[in-house]
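What follows is each chain in one-letter form.
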Amino acid sequence: MLGVPLLREGTLIGVMGLARPVVKPFSTKQIELAATFADQAVIAIENVRLFSEVQTRTEELARSVEELRALGEVSQAVNSTLDLETVLTTIVAKAVQLSGTEAGAIYTFDEKTEKFELSSTSGMDAALIAAIRERDIRIGTPGIGQAAANRAPVQIPDVRNEPSELLDVVVRAGFRALLCIPLLGANRIVGALVVRRRTPGEFPQSTVDLLETFADQSVLAIQNARLFREIEEKGRQLQEASRHKSQFLANMSHELRTPLNAILGYTELILDSIYGEPTDKMRTVLERLESNGRHLLGLINDVLDLSKIEAGQLALSLDDYSLSDVVHGVVSAVEPLAAEKRLAFKAEVSSDLPTGHGDGRRLSQVLLNLVGNAIKFTDKGEVAIRSWAANGAFTVAVCDTGPGIAVADQAKIFEEFQQADSSITRKKGGTGLGLSIAKRIIEMHGGRLWVESEPGKGSTFYFTLPMRVEAQAGPS
Amino acid sequence: MSKRILVIEDQEDNRQILRDLLTNADFEVIEAEDGEAGLAAAAAHRPDLILMDIQLPILDGYEATRRLKANAALRTIPVIVVTSYALGGDADKARAAGCDAYISKPYSPRQLLAKVREYLSTSVPTR
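First to last, the protein sequences are chains Z and S.
Sequential numbering from 606 applies to the first sequence in our numbering.
Sequential numbering from 62 applies to the second sequence in our numbering.
One or more hints might be untrue.
Stated by the list, open to error - Dumping the calculated SDA-like pairs for lysine to any residue here, alpha-carbon to alpha-carbon at most 25 Å:
| hint | chain 1 | residue 1 | chain 2 | residue 2 |
| --- | --- | --- | --- | --- |
| 1 | S | Lys176 | Z | Ala643 |
| 2 | S | Lys166 | Z | Val1056 |
| 3 | S | Lys154 | Z | Arg625 |
| 4 | S | Lys64 | Z | Ser922 |
| 5 | S | Lys166 | Z | Glu892 |
| 6 | Z | Lys1062 | Z | Gln1015 |
| 7 | S | Lys166 | Z | Ala916 |
| 8 | S | Lys166 | Z | Ser922 |
| 9 | S | Lys130 | Z | Gln918 |
| 10 | S | Lys64 | Z | Arg834 |
| 11 | S | Lys166 | Z | Lys629 |
| 12 | Z | Lys1017 | Z | Leu958 |
| 13 | Z | Lys1017 | Z | Glu873 |
| 14 | Z | Lys629 | Z | Ala643 |
| 15 | S | Lys166 | Z | Gln1015 |
| 16 | S | Lys166 | Z | Arg899 |
| 17 | S | Lys64 | Z | Ser878 |
| 18 | S | Lys176 | Z | Val1056 |
| 19 | S | Lys166 | Z | Arg947 |
| 20 | S | Lys154 | Z | Val939 |
| 21 | S | Lys130 | S | Asn85 |
| 22 | S | Lys64 | Z | Tyr871 |
| 23 | S | Lys166 | Z | Ala643 |
| 24 | S | Lys176 | Z | Asp930 |
What the hints assert, rightly or not - Examples of chain S residues lying across from chain Z (beta carbon under 8 Å, computed):
| hint | residue |
| --- | --- |
| 25 | Asp81 |
| 26 | Gly159 |
| 27 | Ile164 |
| 28 | Ser169 |
| 29 | Pro170 |
| 30 | Arg171 |
Hint data in this document are derived by calculation from the structure and do not stem from the laboratory.
From the three backbone atoms N, C-alpha and C, an ideal C-beta is built for every residue, glycine too.
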């Protein structure tokens, strides 16, 4: 008998034995031949071993790639859609596929009822879903309840060995092995993920690890959806509150104005000597009464305008208008004010402006506000209006030689009840609402209103809007 | 002969202001406090001009104006509708109802008087 070791790089991997019935030593040549065969055998064995190793590695790699792809799909689903149903269904389907099981489900935990509710399923028929829905699953219930109580995965290699009311349902549906992973938030139980197999047996640690990753993704998805719902609800409540506020302001303004109309009306009648000739002293007081009443009326109107804009109730009355008429109308209204302050006042309007389509009355209101402000804040020098048309849009500029506005204050002046310097409100009057309203009216025309200014160098307010506005833009 | 103006207005203060203003300007003023009474007064007194408020009890100003303009005997009487600033689209609704002119609240009595005079000088006399 001849024994030849099978050596791979000096390591024994086997022995080749040759035997013959004849008693006779093997010749050196025979031994060499056997050694050569042994070497060939080593190569053959090594080839097979390498081949199967490559195959195993390839399979492992393929599985890893598959797992990675599935995880990628899951996290994409978690991040791209806020539809919880879609996300959880994707997760369950992938969990079942990658764990080599036939069915699975995600349960969410309802903190009010302290029960798990079936949320998304894969590979479960309607009868099983209905049967599970009938059962109360709480923390501690065999299977998922237990996993939640332990805050750790629970596997049941053979359900038949652990009879329980809930698990019997699963057994009747033909399942033998279960793997339950709890869905855990920072300090709350969010739900559970379960996969079910028709054959009994342990689940390998790699499957448990994989499903734990899926569970984490599910938690994220569920929490995202919950936060999204909460934000949506808060947003809705805010909108409702804001609408109530605007409606209240609109009603209030209307109610406030009715008595004010009477006050102003009577005052004017007295000033017009309808009830007899008032004395000069009385006349002076009445004029003050009238100007204060008008200021109050202006405030109320501005609040009403703003609340209507906010409530989305301010409808532009779209019609053809002439920008030149708008400018000249404003000029004739404010010319006396400029003259009173000895300011140079001019208006340059291109002679060939096309007819515009928009709310001419509201545009007058905007221009009147800008020019009124310019005159109010300019103590010497000039106020000028320029307007032109280009590229389907009108632009109007109101330029003054007033004190100017620091860059830091330029955004503030468009906010409600803000003037660059609040002491100005008392000195110069004004509601602090005009610019805010003007800006919104221009925006409703699909245009833009802005200021360019530097302290000491005057200010220029610009607005630009499409020549033809066919539909009102929504409130900004 | 002074011209006769029918004021249809439910608020006492507004009525008094219009009464004082118009009487002082040598007009004869008749008053009604709701839309229905206004229509009856128009038929009974044949005014030269009607000042119509919008928010009126029983019959609002739009409907009262529509009925006046549908009545062959009364349709030539100029109707000036007094619209409320608060309610958007009032001017359009007033025009649709067939009024001859509208003035929006808050109005200055002086401006209102000017408008009344304008319509009385251009209207076809009904008497």
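Each hint tested on the structure:
Our distance criterion of 25 Å between C-alpha atoms is broken by S:Lys176 and Z:Ala643, whose separation comes to about 125 Å. Only pairs whose Cα atoms come within 25 Å are accepted, and S:Lys166 paired with Z:Val1056 is rejected, the gap being roughly 33 Å. Distance hint between S:Lys154 and Z:Arg625 is unfulfilled; the C-alpha atoms sit about 123 Å from each other, more than 25 Å. Taking the CA atoms of S:Lys64 and Z:Ser922, the gap is about 36 Å. The hint is violated against a cut of 25 Å.
For the hint linking S:Lys166 to Z:Glu892, the alpha-carbon distance of about 20 Å falls within 25 Å, and the restraint holds. Of the supplied pair hints, the one linking Z:Lys1062 and Z:Gln1015 holds, its CA atoms being roughly 14 Å apart against a limit of 25 Å. Restraint check for S:Lys166 and Z:Ala916: the C-alpha separation of about 22 Å stays at or below 25 Å, so the hint holds. Pair hint S:Lys166 plus Z:Ser922 holds up; C-alpha atoms about 18 Å apart against a cutoff of 25 Å.
Proximity of S:Lys130 to Z:Gln918 is assessed by CA-CA distance (about 30 Å); at most 25 Å being required, the pair is judged violated. Note on S:Lys64 and Z:Arg834: the hinted pairing is violated, with a Cα-Cα distance of about 68 Å set against a maximum of 25 Å. Annotation: proposed proximity of S:Lys166 to Z:Lys629 is violated, straight-line Cα distance about 135 Å (limit 25 Å). Pair hint Z:Lys1017 plus Z:Leu958 does not hold up; C-alpha atoms about 33 Å apart against a cutoff of 25 Å.
Pair hint Z:Lys1017 plus Z:Glu873 does not hold up; C-alpha atoms about 37 Å apart against a cutoff of 25 Å. A hinted pair counts as satisfied when its Cα atoms are at most 25 Å apart, and Z:Lys629 with Z:Ala643 qualifies at roughly 21 Å. With a CA separation close to 35 Å, the supplied pair S:Lys166 and Z:Gln1015 exceeds the 25 Å bound. In summary, the hint linking S:Lys166 to Z:Arg899 is supported, as the alpha carbons are separated by about 13 Å, within the 25 Å threshold.
Taken as a hint, the S:Lys64 and Z:Ser878 pair is honoured in the structure, with Cα atoms around 22 Å apart against an allowance of 25 Å. A C-alpha spacing of about 39 Å is found between S:Lys176 and Z:Val1056, which places the hinted pair above 25 Å, so the restraint is violated. Note on S:Lys166 and Z:Arg947: the hinted pairing is violated, with a Cα-Cα distance of about 33 Å set against a maximum of 25 Å. For a cut-off of 25 Å, the pair hint linking S:Lys154 to Z:Val939 is broken: about 31 Å separates their Cα positions.
Note on S:Lys130 and S:Asn85: the hinted pairing is violated, with a Cα-Cα distance of about 29 Å set against a maximum of 25 Å. With a C-alpha separation of about 23 Å, the suggested pair S:Lys64 and Z:Tyr871 falls inside the 25 Å cut-off, and the hint holds. This hinted pair does not check out: S:Lys166 and Z:Ala643 have alpha carbons roughly 115 Å apart, beyond 25 Å. Between S:Lys176 and Z:Asp930 the CA atoms are separated by roughly 22 Å; this keeps the pair inside 25 Å, and the hint holds.
The criterion of a C-beta within 8 Å of any C-beta in chain Z is met by S:Asp81, whose closest approach is roughly 6 Å, and the hint holds. The criterion of a C-beta within 8 Å of any C-beta in chain Z is not met by S:Gly159, whose closest approach is roughly 19 Å, and the hint is violated. The interface hint given for S:Ile164 is violated, since its Cβ lies 12 Å from the closest Cβ of chain Z, which is over the 8 Å cut-off. Among the interface hints, the one on S:Ser169 holds; its C-beta lies about 6 Å from the nearest C-beta in chain Z, closer than the 8 Å criterion.
Hint status for S:Pro170: holds, given a least beta-carbon distance of 5 Å to chain Z, under 8 Å. Satisfaction of the interface hint for S:Arg171 is found here, the shortest Cβ-Cβ separation to chain Z being roughly 6 Å, below the 8 Å cut-off.
Violated hints, listed in ascending order, are 1, 2, 3, 4, 9, 10, 11, 12, 13, 15, 18, 19, 20, 21, 23, 26 and 27; each of the other numbered hints is respected by the structure.
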